[in-house]
Amino acid sequence: MKDSSCGNYVPTPNSRREFLRQTGLGMGALAFGTMVSEYMVSDAHAEVMANLKPRKAPLAAKAKHVIHIFAGGAPSHLDTFDPKPKMKELADMSASGMNGVLFPTPFEFKKSGKSGLEISEIFPKLQGVADEMCVIRSLHQDLPAHGPAAKLMHTGSAILSKPSLGAWVLYGLGTESQDLPGFVSLGGSSDARASAFLPSLFQGANTSFRPGAPANKIIANLQSEFTTQDAQRKQLDLVRQLNERHMQTVQKDEQLEARIESFELAFRMQTAATDAFDISKESEKTREMYGKSDLGAKLLCARRLVERGVRFVQVDAGGWDHHTNLFTAIAGKAEAIDGPAAALIADLKQRGLLDQTLIIWGGEFGRTPTTAGRVNQASGRDHHSKAFCCWMAGGGVKGGMHYGETDEIGSQVAADGVDVHDLHATILRLLGFDHTKLTFRYNGRDFRLTDNFGKVVDKVIA
Amino acid sequence: MLSLRHTFLLLPLFAASFAAAADDTQPSKEGLEFFEKNVRPILIDRCYECHSATKNSSKGGLILDSRDGALKGGDEGPSVVPGNLEKSLMIKAVRYTDPEFAMPPKKTGGKLPDDKIAILEEWVKMGAPMPMGGAAKLTGLTGKAREHWAFQPVAKPAVPEVKNKTWVKTPIDAFILAKLEEKGLQPNPTASPESFLRRVSYDLIGLPPMSEQVDAFEKAIQAAQVADAMALRSGKPAVAVEAVYAKQVDSLLASPHYGERWGRHWLDTARYSDTRGLQVDQGDSLFRDYRFAYAWTYRDYVINALNDDKPYDQFIVEQIAADRIPGISPDDPRLAALGFLTVGKRFDDPNDIIDERIDTTTKAFIGLTVSCARCHDHKFDPIPIKDYYSLHGIFASTVEPLHHPTIAATSKSAAAARTDFTKRLNQLQDEQVAGFFRYMRETRARYDKEMAGRLMIASVRRGSAEAGDYSAKYKIDLTSDIDFAAMRIQKDSPITGPFAAAAAVPVVYFAERAPGAIEESLKNSEHPVNPIIAAALRGLKPKTLDDVAAAYQKAYNENKAAILAHLALLAKAGEGWKKTSPAIAEMTGYPWAIPSYDEVFDNEDMISLFSTRKFCADWQNRPIYGGIGNREPVAYFRHTQINELRLSHPGAPGEAMVVQDSESPKDSYVFKRGDKNNKGEIVPRQFLDILSKEGERKPYVDGSGRYEFAQSIATKSNPMTARVAVNRTWMKHFVEGFVATVDDLGNMSEKPSHPELLDYLANDFMDNGWKMKPLHRMIVMSNVYRQDSDPTANPLVAKKGPVDPLKIDAGNRLLWRGNLRRLDFESIRDSMILLTGKMNPLIGGQPANITDEPFSYRRSLYGYVDRRRLSDTLSQFDYGDPDQANSKRNSTIVPQQALFFMNNPLSVEVARAVSARKDVVNAISEDQRIVAMFRCMFQRRPSTNEIRVAQEFLTKAKMSVATANLHPSVKAVASGAKAVASGAKVAKTVATTTRTVAAGAKGATVKAPDGEESMMMAVTGGGAEGVMQNVGEAIPRTPMTPTELLVQSLLLSNEFVYVN
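Sequences listed follow chains D and H, in order. The opening position of the first sequence corresponds to residue 22 in this note's numbering, with each subsequent residue numbered one higher. The opening position of the second sequence corresponds to residue 92 in this note's numbering, with each subsequent residue numbered one higher.
None of these hints come from the bench; they were simulated from the model. The beta-carbon is built from N, C-alpha and C at its ideal position, and this holds for glycine as well. Be aware that one or more of the hints could be misleading.
[Claimed, not checked] Here are the simulated DSS-like pairs of lysine-lysine, each with C-alpha atoms no more than 25 Å apart in a straight line:
(1) D:LYS476 x H:LYS890
(2) H:LYS645 x H:LYS540
(3) D:LYS480 x H:LYS823
(4) H:LYS823 x H:LYS864
(5) H:LYS128 x H:LYS216
(6) D:LYS407 x H:LYS767
(7) H:LYS198 x D:LYS480
[As the list claims (entries may be wrong)] Over the 10 Å line for every Cβ pair with chain H, so calculated as not near, a few chain D residues:
(8) PRO106
(9) MET114
(10) SER133
(11) LYS135
(12) LYS146
(13) ASP152
(14) PRO232
(15) ARG280
(16) SER301
(17) GLU328
(18) GLN371
(19) ARG395
(20) ASP437
(21) ARG466
Isolated chain D (complex conformation):
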């Protein structure tokens, strides 16, 4: 680095070659990497490889994996995890500065678990795992439009092209998975898996996962439609011989070795990914537990991926834009995620993986406490970004608690506000990073996920 005093966290100062030597070339090492050219400008012109080698986070932390369930469309906080009992009496009254009339939630909240965390009745199964959940009720940001707000949630920037949360995590931690991508995206927008200026090594692998879909439909080019794996094995053996000869005649370069390794990984991935995405290999009991819906299958698949060492799984679970017919629509959405999410928490816990796996559920903003006209069956809520909520579980998060408060009608944050950068800073801290130090130099600047904002919410960390 140009300036050692800036305290930047450089994940792997040792060269990849050294790493290969340590691990034994070709023995399942994660050997593909990138030449991050801007590192080459150091005084010694030392080459620093950014790679996917698993590495320890600089700070003590429990979380090693992340499953981010993105509830796009902006779920209402008032009907899910932020109870407003006093609003009941205010139905149909107007609120200053707001259009429409106050619309108390039609749902009952229940104090759940030992902790008494309040959760809406539309999540009966999550109520059962409330003691694992930490609800943040005081999220807020300034952009009540889906596109920019979702981009902000995924990348920390509403406008600029920036790396996604998952890309930063992969950059920071590398991956333990020997034969799968370290960051897998199960649907969703490209913002959610973007690597932007980070090397594409760190971008989320785009998959179109559906239970029972052929592997090639899930990951592009995953399998050959023209020959057998056996023939491909022979091809790779030949290629290795050719490459060895080639390497004798040219400049020695880690990239050459890395590229050889990438073919071996790709070859293994053909089988491994096919297997990881095949949820039919799970027991009937487990499949029942997650439910046989698409979302159940997705979360089950996420668990299979995490189990195999994948660092970050991005799950798209959107459809929460309830401008109308909130009564029925949000109940339906909640039912679809309730069982699978509760199953995911319980399943990870019984497998001893919950502690090291951080689950995050939430959308890009919340909904208005008001509705147009009188409250009736057709009522809905509009966009509202000044207050919303999310929940986290596992990964060293304090369970059975909520953090932050909104005012009596859930319109504004009343205490302990958490903006999106704060949330990102907290997630990084749970993974063992000081968010101000996980930086990447690009165009002469050190960038970080939280730009120059972000404050860790220490109280949610166990």
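The hints should help you fit chain H onto chain D, whose structure is shown.
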């Protein structure tokens, strides 16, 4: 709190200047003790998170870890005024008296306890003792920052003397060698002719030489070596070999592929894309498609400019201000250059678009990150926020006309294609107008029927409980028509005037006073009430406002036929509608003014109408939007299909994506902290101070100032322009530039590896009339460029002496050897396309899908680039991010790349095509067949050992294929696939125009109405994915033969994708 554009993460900058403090007396020891003991802990605990140079954070421009910082203060002024509590903003903030100006903020714990506030007050009263020193502000506005090398004039260094004079062929060699000799290093030997040819071919045209060309080149070199030997013997200079090299280089530079190769590099810098980047459901994009139909005319301009070796200074001026070039004709092809400004990403806020343009322009041409000064003075470079808004004024005074000029040079498509295009365009426009009026008719019929209820709802506060009551009473759904503002209940309205008068009467007196109020309003001579409405209301004795509304309803009911008849006339070409009685026309124009057929037939006219202020005022809640979430009206329009037709129809004329100066150019205000609602002073439109000669900076006066701005850049006296261009060109030949961060040569960049050579070349470049080709020629004809890349070939490495180049310069910044490099995506794919034997030689034209089946055989730079959703293949191969200027690509290796080579059908097609080559098929032996393959794939002969392992592979593969079990998925596909011959012609198929209805909605595939055969080569759409699809056949899913598997193995090998 969220700034929409970046504020960069800050580095501690201890060496910044010390601002002159108002009070510079040395603090007393006791004072300092008080500070350290009592004040510092408060600052650390509650302030430094946001206001500390060492914490890299200076919110509001304020830092509090130095006395100068506290005294100087932030954007709001001095934070601490020693001894003066009232003037010290810090005290004001911590007292929490003004909620708008209270610190620390609520979310970080809120107000300080009273005892802490008292400590701070005490400290200020003491004169704010604090250790001296430390920076007052993170800022680039310092003398030191101004002294940065890149801001100094380009020097004219003399070519240095070297010891090894025979090695020097060009001045470049002398500069490089001088540095090597200084370090005791020696250059590498020359690479083999075949290596050189592969290297220079990829470098200059992005394609490998074919084996025949390698043969010819090697033969010519051999012959020349003989000639040179003879010449030397007879005492003449040996020039023959160099002449062969020079001829080869000149022929590559003369190839039209040169412009394609280097054009693509420039398109990275220019963040080229074929789409706007906006979400479909945002802003005006219901009326404007998310695609640019004509971005490609800019791409073609770039290719042509490079092929013509257009002087770079002209290249700059044309891209910024072609429209202002004196005497330029309205259809001059140079106008397409303005795409540089317009193919960028679009945002809802025009200030974000302006910022995007400032960012791209300054990075591309002068290597500075001026955008960093949007919210505050640049933290590292001498660019004050005022300078940013000087440029802001230029771009804010620049507008995009809706009608683009058709540019002559691209309008040569066949007459039949043109006729077909025009026919289809008119058809779509006709459909669009018909759809528009059908929609208006349906909407009007519904609204007119609900006139009474709508008036009542509009008379109460939006979204109120009363509105809810009326909604129930009149059975009008509030949620589908959120906004009733269009009803405009106003006393001066010819329609609603009397209703407004009645609505103003208090309910308790209504029956008593309303008739009078109505009567009074009917007498309004200044804004006469519509006669039909007046007649309906005259003498009315309403008991409630509902009775008045009912009278309106009755009037509209009774005139329904006449209103619809008028609408029908408006929907026809011509002026028949003018015959309608003014009263009916006025009623038809409420609540929305309706344009006539002629006004909206032309697609751009319709968009224009929807964009004008008057129209928007009339159509407060445009029925076309129909309320949030209602996408249904879009189905009546054809903007998307029209744009798609222009993008993909071969008969579509090329249009230039121009800009023009606005009619009244204006200087911009400084937006404090980048906030447009927080205006500071007005600054003139002018160039950056740091790049202007002292005393010579003058405000721009010609229109927006764009032309003058362009000239300020494209001038020899600008120290950045030539350096930036030369540095970038050098990078593309040697992997790294003299300065590695090629888009930023400011204070944050590294010192150049060879500053003298950079300046020498920059000077030479300008002296050569800013021409690129001589620069390339000098570079690739140098001995430096011709070096072998193998480090072990270096004499010093071989010697294993005390001087080890691998230790002294492992990164090869001094260029003691060539650099091994991996091909970029375009070169890889273009090589593959070349090997299929089907490469389409056409230069320029509309974009194609370059990643998906059915494949296009156009070169990769003609690929359709969707910045909203970049193809996975592109992003996996380090394609540049099309959202921002980015001249340098990463070189990443991910397994998905390997999967592409192993399993993508294009790889299979290459294997099949090479296996079917004559020299492979007709080879007299298996050995010869292998030789032919190697020559084709690697431009070299295989070694004996390679022939042996290849033979072994063939033997094994034959056995394996004979007993093959395909993947189950393969079988399924293979059995379902049509068996078509390899190399099937691009088939003509029925056009499938799809349209993207809305984000998330599934695009409907609609057959062209006439069912005719399409002339289109590609169709776009495909719903939310927005993928452009080529028309043609997929690669047959039949098992590969052993020979094909062997060829594919060569494709998988490192040698295929590396250039040494």
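Each hint, compared with the structure:
no. : hint                : verdict
1   : D:LYS476 x H:LYS890 : 57 Å, violated
2   : H:LYS645 x H:LYS540 : 9 Å, holds
3   : D:LYS480 x H:LYS823 : 51 Å, violated
4   : H:LYS823 x H:LYS864 : 14 Å, holds
5   : H:LYS128 x H:LYS216 : 16 Å, holds
6   : D:LYS407 x H:LYS767 : 21 Å, holds
7   : H:LYS198 x D:LYS480 : 14 Å, holds
8   : PRO106              : 22 Å, holds
9   : MET114              : 8 Å, violated
10  : SER133              : 27 Å, holds
11  : LYS135              : 29 Å, holds
12  : LYS146              : 28 Å, holds
13  : ASP152              : 27 Å, holds
14  : PRO232              : 16 Å, holds
15  : ARG280              : 5 Å, violated
16  : SER301              : 14 Å, holds
17  : GLU328              : 20 Å, holds
18  : GLN371              : 32 Å, holds
19  : ARG395              : 3 Å, violated
20  : ASP437              : 7 Å, violated
21  : ARG466              : 5 Å, violated
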